[in-house]
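Peer 1: Sequence:
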Amino acid sequence: MLVEELTYPVGTRVLLWLLEEEPQQLLALCRERGIPVGDLVELPAKRQREKAAERLLLCRAFGRPVMLLHDGQGAPSVQGTDVNISITHTMKLVALAWNEAQVIGLDAEQCDRKQVVRVRDKFLNASEQQFINPDDLESHIIAWTAKEAVIKAERNSALDWTDGICLNPFEPSAGETIITARCGDRLYALYTRCVEGHYITLALPDGP
Numbered sequence: 001m002l003v004e005e006l007t008y009p010v011g012t013r014v015l016l017w018l019l020e021e022e023p024q025q026l027l028a029l030c031r032e033r034g035i036p037v038g039d040l041v042e043l044p045a046k047r048q049r050e051k052a053a054e055r056l057l058l059c060r061a062f063g064r065p066v067m068l069l070h071d072g073q074g075a076p077s078v079q080g081t082d083v084n085i086s087i088t089h090t091m092k093l094v095a096l097a098w099n100e101a102q103v104i105g106l107d108a109e110q111c112d113r114k115q116v117v118r119v120r121d122k123f124l125n126a127s128e129q130q131f132i133n134p135d136d137l138e139s140h141i142i143a144w145t146a147k148e149a150v151i152k153a154e155r156n157s158a159l160d161w162t163d164g165i166c167l168n169p170f171e172p173s174a175g176e177t178i179i180t181a182r183c184g185d186r187l188y189a190l191y192t193r194c195v196e197g198h199y200i201t202l203a204l205p206d207g208p
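Residue 1 is where the sequence shown starts when you use our numbering, and the numbers rise one by one after that.
These are computed hints drawn from the structure, not numbers from a lab. From the three backbone atoms N, C-alpha and C, an ideal C-beta is built for every residue, glycine too. Among the clues, some could well be false.
Derived pair list, reagent style DSSO-like, types lysine-lysine, alpha-carbon separation capped at 27 Å [what the hints assert, rightly or not]:
#: 1; residue 1: K114; residue 2: K46
#: 2; residue 1: K92; residue 2: K114
#: 3; residue 1: K46; residue 2: K92
#: 4; residue 1: K122; residue 2: K92
The following label-pair restraints were derived from C-beta to C-beta distances [what the hints assert, rightly or not]:
#: 5; residue 1: G38; residue 2: D206; range: 38 to 44 Å
#: 6; residue 1: L68; residue 2: R120; range: 31 to 37 Å
#: 7; residue 1: K92; residue 2: G175; range: 20 to 26 Å
#: 8; residue 1: E100; residue 2: V41; range: 32 to 38 Å
#: 9; residue 1: S157; residue 2: K46; range: 18 to 24 Å
#: 10; residue 1: Q102; residue 2: A158; range: 21 to 27 Å
#: 11; residue 1: M67; residue 2: K114; range: 24 to 30 Å
#: 12; residue 1: G184; residue 2: K92; range: 31 to 37 Å
#: 13; residue 1: P9; residue 2: G184; range: 36 to 42 Å
#: 14; residue 1: M67; residue 2: D206; range: 29 to 35 Å
#: 15; residue 1: D112; residue 2: C166; range: 22 to 28 Å
#: 16; residue 1: C166; residue 2: G80; range: 23 to 29 Å
#: 17; residue 1: A45; residue 2: D185; range: 18 to 24 Å
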């Protein structure tokens with residue numbers, strides 16, 4: 001079900017869909033709204049749920065059914081528009097961000113995803129490992145989603161997770177955690193909130 005709409009700087013909005021329905025329920029909701037789903041019926045149940053919820057969110061954001069396209073890096077766009085979008089999935093959530101003015105990146109992860117700590121050497125550089133305690137699950141997940149969000153904003157899946165994206169020191173906040181980061185010559189502001197058992201992180205360019 002559609003659970004929340006979040007607002008961010010520079011006119012960015014994010015819609016969240018909690019995946020509680022069975023695939024057939026989501027397909028039926030799509031059909032009610034005139035959203036084509038013929039290409040989804042042969043997909044595995046998990047993919048049916050994700051793709052149907054994705055199309056429902058897009059229809060809500062744009063006010064009509066739209067066609068989703070992907071470039072060579074897998075980055076999404078909406079056919080016939082210049083609106084910047086970013087989409088993320090977990091086992092329990094689908095989220096969509098859109099902005100008419102600038103590129104954006106969105107990522108989400110479950111708050112209890114302990115596996116992230118075990119792979120800290122693969123995404124935290126030496127400086128980040130100094131201020132993120134090995135026992136701090138919350139900071140690890142925030143850092144993970146922050147770097148994934150930057151990769152999506154950059155539309156470059158080949159970016160180096162460690163030294164290619166450098167996070168400045170941060171401490172998780174009870175409300176919204178705001179982090180600054182650098183990727184090459186570009187600065188980013190990253191906004192993280194905890195919603196429905198997930199950390200949701202949005203990346204917005206912040207300067208040259």
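Peer 1: It remains to establish, for every hint, whether it holds in the given structure.
Peer 2: Hints versus structure:
no., hint, result
1, K114 / K46, "22 Å, holds"
2, K92 / K114, "16 Å, holds"
3, K46 / K92, "10 Å, holds"
4, K122 / K92, "25 Å, holds"
5, G38 / D206: 38 to 44 Å, "42 Å, holds"
6, L68 / R120: 31 to 37 Å, "33 Å, holds"
7, K92 / G175: 20 to 26 Å, "22 Å, holds"
8, E100 / V41: 32 to 38 Å, "33 Å, holds"
9, S157 / K46: 18 to 24 Å, "22 Å, holds"
10, Q102 / A158: 21 to 27 Å, "22 Å, holds"
11, M67 / K114: 24 to 30 Å, "38 Å, violated"
12, G184 / K92: 31 to 37 Å, "33 Å, holds"
13, P9 / G184: 36 to 42 Å, "22 Å, violated"
14, M67 / D206: 29 to 35 Å, "31 Å, holds"
15, D112 / C166: 22 to 28 Å, "27 Å, holds"
16, C166 / G80: 23 to 29 Å, "37 Å, violated"
17, A45 / D185: 18 to 24 Å, "44 Å, violated"
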